[in-house]
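Asks: For reference, the chains in residue letters:
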Amino acid sequence: MTATVTAPGRTPWLGQTIALSKRSVLHLLRQPSTWIPGMVFPLLLASVNSSSLARATQIPGFPPDATYLQFVLPACIVQGVIFGSLNGGTELANDIQSGFFDRLMSSPVSRPSILLGRLAGSTLFGFVQAVIFTIILWPFGATVKGGVGGVLVLWLMGALLALGLGAIAAGVGARTGEPEAVQGFFPLLFIFLFLSSCFFPTNLMSGFYRTVADNNPLTWMVDGVRHQVIVGFGLSQAATALGICLMLCVVGISFATLQMRHRWKMAG
Amino acid sequence: MNGVRVLMILVRRGFTALFRIPVALIPAVAMPVFFTVAFAGAFSALVHIPGYPTQNILNWMAPYACMQGAAFAGVTAAFTVGRDLETGFYDRLLMAPAARWALGGSGVVYCALRSLLPLSIVLLLAWAGGIDFLAGGWSVLCLAVATMFVAAIASMWAMGVTFRLKTQASAGLAQIGIFVVMFLSIGTTPTEIQEGWLRQVSPLNPLTPILNFARAGFIGAGGVAWHEVWPGLIGIAGCFALSALWCARGFRTLRP
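Protein sequence lines, in the order shown, are assigned to chains A and B.
Those letters in the first sequence? Residues 21 to 288, by my numbering.
Those letters in the second sequence? Residues -14 to 241, by my numbering.
Okay, chain A solo, but in the shape it has when bound (with noise of 0.2 Å):
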């Protein structure tokens, strides 16, 4: 690490963020365990639910011409994403914790670069699963009638969801110090993916649940990246979804470097 540091010609805060973010992916990489479930699961869901759920593209009001795996594609990316994206905030935290956190502080390590590295991580690995998850599901039926711009508006959207997600899993984990509580955080998250148009499309749905529904930002942004893929490329679509991907990615890294600065403090 200290020869990418000092590498000549380098801006020192993006050698060291740079080799955060290697430290981060390969420490993900070596643990299969932290990502291969946001890998299968949404698959595994995907597969069942277009089984369970094929018959539902027949009800009157479900967007027709598609097939349910067309349908729940962004769902199963921005479900892939929520499971990966908890891994940054939690290996955080696990740095608090076993003092390598500390260990940075002591050293001449940009501070912004600490929180950058993992981010990256992150990043990468929500792009990776949306890239794998459009690959995987393409040949059994989730086509992307949106062509190259449409899937490119799906990756983007798996990638700044994942730095908007990591971000404040991030900011958790450096409140708190405890991977626990990062962990805590994922019922949350569910809660919101089924309170919106992830599953099944609002019109279907009646009373309170609608209405909450129809007004969850991440009902916006699924419907926006899912116009991509079962009617075609649509500038305003993908402007308001990955629009709502930006604004969360703003909150979550203001909230990341509030509280870094908070255990920047305490460290110091």
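Do not take every clue at face value.
[Stated by the list, open to error] Among chain B residues calculated to face chain A with C-beta under 8 Å, some are:
hint, residue
1, Gly26
2, Ala27
3, Ala30
4, Phe168
5, Leu169
6, Thr173
7, Arg184
Hints are computed from structural coordinates only; laboratory data are not their basis.
Glycine included, C-beta positions come from ideal geometry on N, C-alpha and C.
Keeping the supplied structure of chain A fixed, place chain B upon it in accordance with the hints.
Replies: What follows is chain B alone, placed relative to chain A:
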């Protein structure tokens, strides 16, 4: 000490721990409640599929949420045993002059009894939401029996995993097994409405007849049909025997 007395003391220990740490109650109760609301809310339009067995989505989803709550109540046994193994408390239990069966059995009885808590809350919520008890008290009885046995079976499966791996983390692995069995059943739709590979798999899943039994008083023309009950009872007996064997063999690997 008498085995039954040891079992009762350990069951009481479980409940004391549960009520002393109210936070531990939240996932046990909140999860099945959430599943009831989420499944009934998100998939309420499924009743419009031709051939769907009920016109009230709560009648289909609430028993499924109870089964999920029961299964996850079972996994808590693995957490408790894993923690006791890690802290050395289980070693002390193994050294004690107590009947061995009571040590494992206490986890099973505790989980079965604990599953009645989410069951009561889900039923109360579903009643407020308009669930139809088509067979009156029999509806509740079938569901309660299925819930308690599913919790017992899940606890034996989860403890079997923990006895072999000897760590709290093994509860996660046990949970994955339960997730898979739950999803590959007739959770959201009956077999007749499913398509593709799941339609071939779900009838072979032992949870399918158990779920039919749990729903016996909520689906159909009214009353509990015997043809829904006996396959469920056989499913329960088979799963109970297999998971008991799995748990007992795992227990034998423990050395104080």
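Asks: Let me make sure I understand: some of the numbered hints might not hold for this structure. Which ones are they, in numerical order?
Replies: Nothing - there is no hint that the structure violates, so all of them hold.
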